[in-house]
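> Read off the chains here:
Number of protein chains: 4
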Amino acid sequence: MATPIRGIFVPHVTPVDKAGRINDVELRRYLEWLIAQGVHGLYPNGSTGEFARFTADERRQVVKIACESAAGRVPVLAGAAEANVSETLKACDAYAEFGARAVAIVSPFYYKLSPSSAYEYFREIARHSPIDVTLYNIPMFATPLDVPTIRRLSQLERIVGIKDSSGDVAFMLRLMSAVRAERPDFVFLSGWEPTLMPLLLMGIDGGTHATAGVAPELTKAIYELTQSGHLAQARTLHFQLVELFDAMLAAGDFPAGFRAGVDLRGFNVGPSPQPLCVVDETARQSIARSIRASLELLN
Amino acid sequence: MATPIRGIFVPHVTPVDKAGRINDVELRRYLEWLIAQGVHGLYPNGSTGEFARFTADERRQVVKIACESAAGRVPVLAGAAEANVSETLKACDAYAEFGARAVAIVSPFYYKLSPSSAYEYFREIARHSPIDVTLYNIPMFATPLDVPTIRRLSQLERIVGIKDSSGDVAFMLRLMSAVRAERPDFVFLSGWEPTLMPLLLMGIDGGTHATAGVAPELTKAIYELTQSGHLAQARTLHFQLVELFDAMLAAGDFPAGFRAGVDLRGFNVGPSPQPLCVVDETARQSIARSIRASLELLN
Amino acid sequence: MATPIRGIFVPHVTPVDKAGRINDVELRRYLEWLIAQGVHGLYPNGSTGEFARFTADERRQVVKIACESAAGRVPVLAGAAEANVSETLKACDAYAEFGARAVAIVSPFYYKLSPSSAYEYFREIARHSPIDVTLYNIPMFATPLDVPTIRRLSQLERIVGIKDSSGDVAFMLRLMSAVRAERPDFVFLSGWEPTLMPLLLMGIDGGTHATAGVAPELTKAIYELTQSGHLAQARTLHFQLVELFDAMLAAGDFPAGFRAGVDLRGFNVGPSPQPLCVVDETARQSIARSIRASLELLN
Amino acid sequence: MATPIRGIFVPHVTPVDKAGRINDVELRRYLEWLIAQGVHGLYPNGSTGEFARFTADERRQVVKIACESAAGRVPVLAGAAEANVSETLKACDAYAEFGARAVAIVSPFYYKLSPSSAYEYFREIARHSPIDVTLYNIPMFATPLDVPTIRRLSQLERIVGIKDSSGDVAFMLRLMSAVRAERPDFVFLSGWEPTLMPLLLMGIDGGTHATAGVAPELTKAIYELTQSGHLAQARTLHFQLVELFDAMLAAGDFPAGFRAGVDLRGFNVGPSPQPLCVVDETARQSIARSIRASLELLN
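Protein chains in written order, with the working numbering: chain R, 1 to 299; chain W, 300 to 598; chain E, 599 to 897; chain U, 898 to 1196.
These are calculated hints, taken from the structure and not from any lab test. This one's a predicted model, so the numbers in the text were calculated from it and none came from an experiment. Every residue, glycine too, gets a C-beta built ideally from N, C-alpha and C. Heads up, some of the hints might be wrong.
Here chain R is said to cover these stretches of chain W; the calculated rule only asks that three of the stretch's residues, wherever they fall, bring their Cβ under 8 Å from a Cβ of chain R [as the list claims (entries may be wrong)]:
| id | region |
| --- | --- |
| 1 | 468–481 |
| 2 | 493–500 |
| 3 | 532–538 |
One chain only, chain R, in its complex shape (with noise of 0.2 Å):
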């Protein structure tokens, strides 16, 4: 039987040379410290790792190393979207030879779909691919999926669930009311920090935020307390997350910010692959400061 896709999933950084290569090496030890510290699974090529920069051959690169990280230990959620449908069943097929536990693929964007054209996109993967398949949702960039077209999607057996990064806890509880009645097992991940406890408490399965990246501690501590149901102590906690989420969010262009607070953690991620604005001193500071408030917590 399949791992089953819950708890705290990574969306990490990719940390790239002087040269704007991926640097192999760094990303691994990244992973192993991300690993090390319990979290339940990794999630490359996400929009904090800013799949979109990097060509086809990069994102292939970045699975392959997410993949040989884990080993087994943690399974891992593979961005898998490219140019169209039939690149991205390429990548697909790659991903499910690396080992990974299912894609996740984010609704098309540059271009805002009609529901029904992103429901034949799927639809087609979903056909064709090796690999169980997650939606990731994401409004803000790209073409929102709205709950009649996930309620058909999750009726194809090889779509196993969705990341919703909207922020929208009134449309998770209707997506989540009209998809379990006839698909009980459909895996359901938060993906906006803020939500994160408050949609656990009304029974998703878990996240994938990019401050676990950068406090996997704090994160992974939200979800246990949450679950075992020490409420009061996981809610200070959250507002904590929330803190260092907006403090990373207010440093600059995403992922800038969360770029900075793996930095802190001690990884060389290197520059963006975009010539972004510089995350300055002050909002870096802002942002330490709030890593050692969450760590504090914790002790």
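Starting from the known structure of chain R, arrange chains W, E and U on it as the hints suggest.
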């Protein structure tokens, strides 16, 4: 000491007779029933009460009836927004005399104001109001209030709380962090049904929910079960609440579906003061089914 | 035959005295000046006139003064939106008696209505109004009116035109195509300064522009030069119009910058009925400079 | 001296064969026809060309074919956006060698960048590109470029113009005012059909319009009649252009209706590289009718 503002307040509909006048008798009968069901407070002149579609005199009549009906048994939170500060202050004076616990003042609408103009508006009211003021944030209809502005306003003694109908959980959490450090007694009320239980679990004080005017038994039970830690039962009821809420939202232009819901509970609410699209029979039956399902869950 | 609604109508500000009452004397002096400058019509109780911040009685007073000032020399388009259809019809009756040419009724605000409810609202008014009605579409503040709804409304005899403040040229062109086939005399007025000249060239009838209350010479010249085919000169003036408009928009919450502009032309408009952020000296000087530049271009 | 960028450029669709590969033969036949119709330039890899749904290699193939087809008869504006600056610069190098007149680079998409990051992105490209660059602003799909950012970018020699598909006339006028003072030769192209004639009358240089790939006769006539002052005739054609444009937009997810339109002109464009909803027969007939009406108006 002032009655705490806590629990479920009902932003009730406003029954009118065939001539379009406020139906005094039916309104009193309806409010008596709500109090008998154990709601924690009344909220006349909310969006559900269609305050903007009545004249200033009619708004006063509604609050007077609500205060007389409450008769000290439950607190009244009276919607007091008028055309400008001076007119609003006249309403505050009147509602204080009627015995309201506090007024609720919606952020300025029609024009969308900058945060500093919104601040000036509420500060001017706070300075002169003889009665406690709660802010009412409803970005889909009125000038959005942001976290820094609300934090500043929370430092004025007369401003004692906020009702937030944004449905945005992240916003509410950020607000709680920002305000409670310096004003620990500030009251947070949810105004969007799907966030009621999740936000209660994160520490808010209650909610003002139109659905509570249709199924007060349901909202009261969710509040009490959540506060006492019976999460599994509360969750089941909360998913039902979202279903009922959605059935009424889908029935027509807000608050037509909620008027239909109250009608189905046996009160003659009459037509809206505005000639809106009618709630058709299919929508009405869907609301009726959802009310029945709610009541069955409670037995 | 009724006076045609054509050319530049002035949605004028409403001067108030220190006590916050309408300044009857200054309003008359201001309107007299506007008429002397050759504006084609007056538009009391528009958004610029802050209709929503006055009481129903005050709105009536403003229209009465405008009609008396116009004294048949220019037509008056009177803003007549009130809390509901019945109150609005009372205003229509009054304004017909005052001698207004037509009323302008903004689409319902606060609540956002569906197209069919918006249709019902205007149809009910059209059925009972003793005076011609123009629709007022301003999607940034009120329920947007769409092309099919306006087309249906244009088939009611009493509805004779539309003022569109969306600034969306595509929308206006689609509307003209949709409406003129069956209602060739329907009046199209721009309500967003930057679209005045482009839309006049595409065949609209005129505009109602707040800037015309500050620099009536400029808007009138643009209108006349464009209609007579002097495009190069009109273009130069039009770019200046956009600059002046932007200076006033940037000065503070609408219509604070326009109040400051009228003040700079020598009229004592007093404070807004609402305590808004003040227009600072820098913004005021920028408006003054832009007014001077406008007048110099005309010499 | 470089060929001026002026008139109507065609952002053309990309024909594919049944296997989903670019149909070289049909693309050449189609471009030859467009040039024979007198279009002023070609624009491969635009949104209409579905650049984002092809691989980097395929995008290169398309530009190569366009440059070979143009063969110096008309200038080629080649869409050159790739995953990051370094990949984009490789495309710029290649397209310069193919003989393109300039590249067009869409603002970064998927992530929405701050103005300063958008500036950094284009500055970096401008510094290293061997070929002139035009900015491509399309806020509905990509990071919006604002006036101050474009003004700053217009001071870089390599950046010679902008294509704006916002449809926002006010934006374009503000931009023209802001840029022309210091860069009088900067090129302004409309990318949203309904604004073509209005903006030509305000002084822009031309347009890149998908509809020009379906009815090149029509867009060319509008351009020439407007520029030569035959406004009444141009206006009639322009309203027809909007109708044809709307028929194709309504036919399905963009650019499905435009592919159908080209197909109706006798070119075998094949399916989109993405499995979208099909254009149904009703929509297809509506497009066909609108093409016929366009051609009849021209006789």
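> Out of the numbered hints, which ones does the structure contradict?
none
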